[in-house]
Each structure stands twice: as structure tokens, then as C-alpha cells.
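2 protein chains.
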Amino acid sequence: MSSPVTFKDSLAKTAQHLETVLDDVLPKPIGHQAVVAEAMRYAAMGGGKRLRPFLLVQTAQLFGADDAGIWRAAAALECLHVYSLVHDDLPCMDDDDMRRGKPTVHKTYDEAIATLAGDALLTLSFELMASSSEDSARALSMVKALAVAGGVNGMIGGQVIDITVSEDARDEALITELQNLKTGALIEFGCHAGAVLAGASGDDVARVRRYARDMGLAFQIKDDILDVEGDADLVGKAVGKDADLGKATFVSILGLEPAREMAAELGERAKSHLAPFGKDADILCATVDFVLNRTH
Amino acid sequence: MSSPVTFKDSLAKTAQHLETVLDDVLPKPIGHQAVVAEAMRYAAMGGGKRLRPFLLVQTAQLFGADDAGIWRAAAALECLHVYSLVHDDLPCMDDDDMRRGKPTVHKTYDEAIATLAGDALLTLSFELMASSSEDSARALSMVKALAVAGGVNGMIGGQVIDITVSEDARDEALITELQNLKTGALIEFGCHAGAVLAGASGDDVARVRRYARDMGLAFQIKDDILDVEGDADLVGKAVGKDADLGKATFVSILGLEPAREMAAELGERAKSHLAPFGKDADILCATVDFVLNRTH
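Protein sequences appear in the order of chains E and F. Numbering-wise (our numbering), the first sequence opens with residue 6 and increments by one. Numbering-wise (our numbering), the second sequence opens with residue 6 and increments by one.
Rather than coming from a laboratory, the hints here were simulated on the basis of the structure. Treat the hints loosely; a few may be bogus.
Where chains are identical, the list cannot tell them apart; a pair therefore holds if satisfied intra-copy or between any two copies.
Using 30 Å as the maximum straight-line C-alpha spacing, the simulated BS3-like pairs for lysine-lysine come out as follows [stated by the list, open to error]:
(1) K252 / K33
(2) K246 / K284
(3) K112 / K252
(4) K33 / K149
(5) K13 / K252
(6) K276 / K33
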């Protein structure tokens, strides 16, 4: 296993390089529509763990690729994730005032600009993904996969379930489905895209996707745990909100200790899928530990 | 020139076939997230002139193509157009209650579902465009072009200008820029995609794009004229709204008669770009007359 220092360096370096890529690909605030480019930059730059692009880049590196196309794919994935945050924070959805330690986009600008900035980030995401490989067929397959992961049977489907299914109708199966869609689909896409763009075999693509599925669910359970015991300053958004709203979470349904155990088990299973790669997968294994041990 | 009957038959037949394609490609309302698929269908099915997909299909036919990929591209373009209507109608944007003769999506469902249904239509649009040709490079180039036409320097940019630039700061140049972005970009994309997917030469692609640019602006001027003199029942949405809001339009800036003359001149110029195609371009020429003579 990598030491935690090596992992954190790697995560920080990825976040840092992603920042320069985002600065390069996000539209410049020019013309009469400059405000929407500003809002896109406000939402996308300088925040977050960048876990999804990190997974994409690390998976691509596992299979020997680390070119400009990989980084455009990573930026595409982050832009899609950020658009979902901007729209989810809107008053008509989760109505959040803070995100990544600063006021949400609709608070800093307004709801119309937040809606449009989200739309523009989603649109940009596909433009970037279309430039993710010199191999047209490969780039095209990832455009399709991104649309599936972000669509009605992926992230959007999860958000719809989250805002429409009443709390008392949620059991463990439903919350698992919800989280696999809402959070899991994009995390899985990160590993999927990294492997495919790097030219991995079908078997290896399947392995990293299984890893991502288990790790993604562990990630979400940890999120629920952090909402109960996290520190708002560290987490960067309001905590205790789930309980205040009477929300059904893995913690409210399973209890805190069993939720922690389930996350740990999923983490171990996630790592086991990477066993065939030996030490080459150390950083992806360390990612599991990072996800489970994070304090925000 | 085609007779108006032939043109209207052609428009109706395209709309009819597009309906079956949309029914096929839109997600079925199943699972816990069924409501968002319902809202997507409510927004996309059974309404509108389907002018953008008509232009795409007619342009493709001009160059000899009319396969399933062309129709998926047409459906992609319509889904992108419909998403923009759903989001533009939201209370935080244009706040419209009626669209295509029925209550807007956020009126029938709610704002959250309307936001997500729009997001899902945009996402689906790219999934469909990625399947628009067996030639990966061609499909990929159209994914990129759609993202540009729908992005910050296209449709979204136009909407941002429309909601942020004060009425008294709008002169003819600004309104022209606004409309070229907000409406023109997607109309031009329709002809662009039809030509590229059909394998047209670079010169021919340029010809139909010039046609689309002039026709698109004529279309928008006519829209402004209809807002002044149209019948709400025919137009399918509120009329007289621009004047009530003190909105700067081609009509308010140029006057009704000069606006009508400008639209007619643009229409003639649009047709002139198609002269090299002779009778093969009859339906695209008739489209200009239809746009200028429509009552809704």
C-alpha cells in the first residue's frame, strides 16, 4: 500500500493540474454574456476534492495513459459533477446556501444565472468528452457512457428519487438504489472512462468498474456518517441537515456502527477487485482508505 | 418552387415521423424516477412546428441521406431545443405559464422536476447525437458542433444576454447578436448537421449554413412581428408580452413595416445561397416562405 503521504500528494497534484486544465477549457468571461462564464468559473474552479477526475486519471495511469485527452475527459467529468451541484443547490431542489465552503452560485449570482451556468457546464462537459481521444470510436463511446451515467437511469434518476420519494418509503434497498444512481454512476464512469480511454481490455474495464461501484457506495455511506458527526467548517456545508429534515440515510436506517461496518466491508471488497493489478493499483486502493477516513 | 401544399405535407410528415422517433428514444416512465421521464415526454411529444429537425432532415435529403442516424440527429436537436424551452419558461427566467398551447412543465409538474427534465433532455440530446452516424468521426464532430451551438457562445449565451442586458441598452446590433445566438445557432446547426451527416462537401456545408443564418434571423424578426399582431390562440402562448414588458425587439426598434421588409430581404438572401442546388432545394426555399407567412 502507498503511504498516506504519497496518496495525498497524488490527490493534491491531480487537483492542481486539473485546475489549470479547467482554467484552459472554461469559457473566458467576454462579450455581453460574460456573467455566465464568470458563474461557471465560480462554480468549477478552486474547490472540492476532485475525486471523480482523480479516479479517471488514476485508472488511465494504471493502464499506462496520461495524455491531454485523458485530462480533457477528467475536466469533462468534473464539469458534469459541478453542474449537478449547481442545480441541486437551487431553491427548488435542495435549497443550499453553502457549497465547498463558499456561497452557492444562485446566492452569489441569481437563480437564472445558476440555472444557465449549470446548463452550460453540462454542455461543455460533452464538448470536452468529445475531445477525449484521437480515436473517434473511443471518444464517442465515452460521450455515450457519460450521457447514460448522467441521465435518467444515472445521476438525474438518483436526484429525482431523492427529491420525490417520501422519507418513510425509504428502506435500505431504495437508499442503495438512490445512491448508486445519484453518486455511484459518475464515480463508476470515472474508472470506466479512464480504462477505456487508456485502451484497457474488457475484463480489466469490468474490474475497475466493480471497484468503483463498491467504493462509490462506501463513499456515500461515509457522507451520511459525516453528516451526523462531521464538523461544518471542515465539511464545507451545513451538517446535521439530514437528521433535522428527518431524512432516511444509511445511518438512520442501519445505525451509526453498522453503517461504519458496511462502509468498511465495501471498501475491502472494492480493493479485492484490484488484486490482479498488484502494486500498480496501490493508489486506487489508498483512495478507498482516504474515502473512509476523510473528515470532510 | 414547391407548392405550399407540398411543403406543408412535407413539414407534417416530418413532424409525424419525428414523433415516433421521439417516442422510441425518450426514456419510458418506469422505476422510482418515472416522473422525470413523464415530464420529458410531456415537454417533447406532440407539439411545435419541429422546424429545427425539419431543416436537419431536409438538408440531409438535399445531399441524398435519410437514414436512422439522420433521424436520431433530428431527435437530438429537438430534445436540445425543448430543454431550452423548459428552462427558459421557469419562474426564475421568463416565467411563462403556457407553451405550445398547454401549461408549461413547471406548472404541470413543479420547478424541480422541470429543471431535471430539462437537464435530462439536454443529456439525452448528446447521447442521441453520438449515434447519428456509423462514421465515428462524423458523429463526433456533430457532438462537438451541437455543444458549441448550444453553449455559452451559442444558445445559452443568447439567453444570458436576453435576461441580463437592460432594454434601453439594446440597439439593432445587440438584438441581432442576441437572436443569432439564442435562435440562430440551433437553426444553423440543423442545416450544418444535415449536410455533414450526409457527407456534403465543405463548400456545400458553407452554403446551407449561410442559408440557415439568414433564414434564422428572418424567423426571429417574424416572431417579434407575431408578438405584436398575432392571435394568442394560434401562437400558443401569450402575445403582446414584449410590448407590455417594454421589451426592445426588431419591431420596437425598426418599426413594424421596416421589420417586415428586413425579414423579407433576409428571406430572399437565404434562398439565393441555395441557387446552385436548383430545384433540389425547393423545399428549403419554401421553408423561408413558410417562416415569413406563418400566423403562429
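A quick look at each hint next to the structure:
| no. | hint | verdict |
| --- | --- | --- |
| 1 | K252 / K33 | between (40 Å within a copy, 28 Å between copies) |
| 2 | K246 / K284 | neither (40 Å within a copy, 66 Å between copies) |
| 3 | K112 / K252 | both (24 Å within a copy, 27 Å between copies) |
| 4 | K33 / K149 | both (27 Å within a copy, 18 Å between copies) |
| 5 | K13 / K252 | neither (32 Å within a copy, 54 Å between copies) |
| 6 | K276 / K33 | neither (41 Å within a copy, 36 Å between copies) |
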